[in-house]
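Participant: Each chain, written out:
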Amino acid sequence: MKYIDEFNDPDLAKRLLDDIHATVTQPWALMEVCGGQTHSIIRHGIDQLIPEQIEMIHGPGCPVCVTPLELIDKALEIASRPDVIFCSFGDMLRVPGSGRDLFRVKSQGGDVRVVYSPLDALKLARENPDKEVVFFGIGFETTAPPNAMTVYQAKRLGVGNFSMLVSHVRVPPAIEAIMTSPTCRVQGFLAAGHVCSVMGTEEYPPLAAKFEVPIVVTGFEPLDILEGIRRTVGQLERSEHTVENAYGRVVLPEGNAAARALLEDVFQVTDRGWRGIGVIPDSGWRLADKYREFDAEYRFEVSDIDTEESTVCRSGEVLQGLIKPHECAAFGKECTPRNPLGATMVSSEGACAAYYLYRRLTLPDPVIRPAEAKEAAGV
Amino acid sequence: MSELINIGPTNLSAGAGLDFEGWTCPLPLRDSPNILMGHGGGGQMSAELIDHLFIPALGGRAGAESDSAVVELGGVRLAFSTDTFVVRPLFFPGGSIGHLAINGTVNDLAMSGAVPSYLSAGFVLEEGTELSVVGRIAQDMGDAARAAGVSVVTGDTKVVDAGHGDQVYVNTAGVGVVPEGVDIRPDRAAIDDVIIVSGPIGVHGIAIMSVREGLEFGTQMKTDSAALHPLVAEMIKVCPDLHVLRDPTRGGLGTSLNEIARTAGVGVRLVERSIPVPPDVANACAMLGLDPLYVANEGKLVAFVPREHADEVLAAMRAHPLGGGAAIIGECVSEHPGIVVTTTTFGGTRVVDMPLGEQLPRIC
Amino acid sequence: MCLAVPGAVLETWTKDGTMMARVDFGGVEKEVCCEFVPDIQVGEYTIVHVGFALQRLDERSAKETLANFERLGELEMEFGDAWARAAKEAGVPRPDMEIPE
Chain A
1 MKYIDEFNDP
11 DLAKRLLDDI
21 HATVTQPWAL
31 MEVCGGQTHS
41 IIRHGIDQLI
51 PEQIEMIHGP
61 GCPVCVTPLE
71 LIDKALEIAS
81 RPDVIFCSFG
91 DMLRVPGSGR
101 DLFRVKSQGG
111 DVRVVYSPLD
121 ALKLARENPD
131 KEVVFFGIGF
141 ETTAPPNAMT
151 VYQAKRLGVG
161 NFSMLVSHVR
171 VPPAIEAIMT
181 SPTCRVQGFL
191 AAGHVCSVMG
201 TEEYPPLAAK
211 FEVPIVVTGF
221 EPLDILEGIR
231 RTVGQLERSE
241 HTVENAYGRV
251 VLPEGNAAAR
261 ALLEDVFQVT
271 DRGWRGIGVI
281 PDSGWRLADK
291 YREFDAEYRF
301 EVSDIDTEES
311 TVCRSGEVLQ
321 GLIKPHECAA
331 FGKECTPRNP
341 LGATMVSSEG
351 ACAAYYLYRR
361 LTLPDPVIRP
371 AEAKEAAGV
Chain B
1 MSELINIGPT
11 NLSAGAGLDF
21 EGWTCPLPLR
31 DSPNILMGHG
41 GGGQMSAELI
51 DHLFIPALGG
61 RAGAESDSAV
71 VELGGVRLAF
81 STDTFVVRPL
91 FFPGGSIGHL
101 AINGTVNDLA
111 MSGAVPSYLS
121 AGFVLEEGTE
131 LSVVGRIAQD
141 MGDAARAAGV
151 SVVTGDTKVV
161 DAGHGDQVYV
171 NTAGVGVVPE
181 GVDIRPDRAA
191 IDDVIIVSGP
201 IGVHGIAIMS
211 VREGLEFGTQ
221 MKTDSAALHP
231 LVAEMIKVCP
241 DLHVLRDPTR
251 GGLGTSLNEI
261 ARTAGVGVRL
271 VERSIPVPPD
281 VANACAMLGL
291 DPLYVANEGK
301 LVAFVPREHA
311 DEVLAAMRAH
321 PLGGGAAIIG
331 ECVSEHPGIV
341 VTTTTFGGTR
351 VVDMPLGEQL
361 PRIC
Chain C
1 MCLAVPGAVL
11 ETWTKDGTMM
21 ARVDFGGVEK
31 EVCCEFVPDI
41 QVGEYTIVHV
51 GFALQRLDER
61 SAKETLANFE
71 RLGELEMEFG
81 DAWARAAKEA
91 GVPRPDMEIP
101 E
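Residue numbers (the numbering used here), protein chains in the order written: chain A, 1 to 379; chain B, 1 to 364; chain C, 1 to 101.
Only chain A is shown next, with the shape it has when bound in the complex (with noise of 0.2 angstroms):
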């Protein structure tokens, strides 16, 4: 595919892993903030390509992962009802709630049904007019517009049996709690590209300048990861926390204005609670109040959910970057991608999937992590 062939080309990225051995001088921790660039490095091993001393510290970038308990359970109730179509991405039906998952929930009848694109959904709702269609719009940034837009038409086209389970959830904020947590190792972050081709990059320099750390807007390629890696490293190396665009051919500095016009008119910021994690003020986006007859949440009284996030979970503390997967006494034993006890474990980039698939034949010690080796030493 033109513009995908040309930036998986091995030399290329020998060239760019030569660079960045060459530039390394000492341990740095950086974090990867979107899902598909840690499914990008898992898939190309491009983590066992870069120097040891860069340690590549997974993001809570994945919407799947962080899409919080008490409203997956809603999902789960509502797609139950018996005069529902529950539409979805396929990224979230094994996402498990409080005890099963849409998968489940299909198995005991619920018309659960993955779609493509969320205009499939409205095109099953005109489709099916005694039938109440209800479409679980997660994701970033990125999936916003889209997300907007059909809601945007459903009010326009009067599709009354349409309407949609929001969590948004917004990237600046996330880095913002992530940097803020006494625990935090993070030393310089690749920005999501997709993310950034339509909010642009202006959310992201008050943040370098506050918490003094590199942000690089970085694709999705391994030449894009590559290089969003080593300009990232380059800069902690000169001693830099500036904002870098190394994905220009989709990310303009003001983004995609149509789209971002939209997202003004149908949604609205929200403190949202990330699963894991926990609340993150105006974190989120839910419908605006204009558009909500096409709210889910009010259309189907949900309530009673008692939520039971499974006792054991550690995902959040692996969000975070706290501990690593196999750190977690449940890794791999109760919990596999075939039983997950949370999110990670269940998304293809989650961190604890990513590691299960392909750290399983070399689980490491739990080592000494470049940053405390660096307060070791006395740097």
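This list has only true hints and no planted wrong ones.
In silico BS3-like links for lysine-lysine, alpha-carbon gap of 25 angstroms or less:
no.	chain 1	residue 1	chain 2	residue 2
1	A	Lys2	B	Lys222
2	A	Lys123	C	Lys15
3	A	Lys131	A	Lys290
4	A	Lys2	C	Lys63
5	C	Lys63	A	Lys14
6	A	Lys2	A	Lys14
7	A	Lys290	A	Lys123
8	C	Lys15	A	Lys155
9	A	Lys155	A	Lys290
10	A	Lys106	A	Lys131
11	A	Lys123	A	Lys106
12	A	Lys155	A	Lys131
13	A	Lys155	A	Lys123
Quick partial rundown of chain C residues pointing at chain A, CB under 10 angstroms, derived from the structure:
no.	residue
14	Val5
15	Pro6
16	Ala8
17	Thr18
18	Phe25
19	Gly26
20	Glu35
21	Pro38
22	Tyr45
23	Thr46
24	Arg60
25	Arg71
Hints listed in this document are in silico derivations from the structure and should not be mistaken for laboratory results. Heads up, the beta-carbon is just placed ideally off N, CA and C, and yes, glycines get one too.
Go by the hints and put chains B and C onto chain A.
Facilitator: This is chains B and C only, laid out in the frame that chain A set:
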């Protein structure tokens, strides 16, 4: 298809009715009291259903699954296989459920090295299904059988109430004679074996997905459904001692390799860039967030060949129309037994795990 | 959240008051909504996420990025490691990070 092999005579009359109370299972199905879609996906959940529910009840050896069973009857070694077809949509680019129903069972038999000869065909038809639909499927089956040189010699038809089926389900079973000296089964995979795939992967799955509601995308891909026994015959000619053959249908190449690695207790090491994937498959997978390794094939096989014969087998495959795109993709190693690993294009490695259930499009 | 792939626009039209485009991903075609890039032209590239074109892909920028990657290796080959070492010791940014003349 996963099947019981060499289970010997079973004594079903010995109090083995479906008494749910009496069901005890060595390792209970932990997560669900109901059948889930994942149980039909060909991945881990399917394997567990077979190993922990069916095999304990029916007898046989858990984990020793191959596409067809080889049994001895009257001094003759027969391969015996069955497969049920529930594909949706019924008609897709390049073929229909009818073609799959014949070629699927023919291929299961061929994967034991047998010469497929006779098939049965059972139909479960939903009341209200158009006769023209059933007729076209039957025609496709006839065409496929003639092309494959097999005969459908017996069959059965049942009709279920409207709403209790999904238009047409087809089951076929088949038998064929396994030639003298041929012993092809998954536990024969051995360290140092060379792994060869007969052509580009993922074609059938993408062709089907392209017409599935909600996904619909335009592509030139047509199903690769084909009867593979003529190709197998050529391979056996140059190497009667082929170790393993498998047609990677549901769950794709990744699933088949995992099953074989686990059964034989060998490690599998692939070289990612040598695995042939057509551009349309690669691009459709990129668009939907799928891995071609887990996308179904209907006219491809993967072979585990003793190293000293690998070149000859590869040449024989490439000389045959069904093997023109054959390629060596990896080898069996002593490290990480039971696990499939691939080097990546950049020199890293990753595990190619057994998928849990059906692969779904993703947004992340 | 970020699976978006680049494709070439083959055709645009309006359906139900919504701008649509047929996009080609190397032989695989999909109908997408292009309300967010309403001025996209046939022949241009756009990235597509869950059935929506999210942003135009700047081909010139893509080529420039790749050219920069190529230059990395060239400097290494031309000057070898000594150059990089000297630059690092002197505490200056690597020469290849400046836009060349």
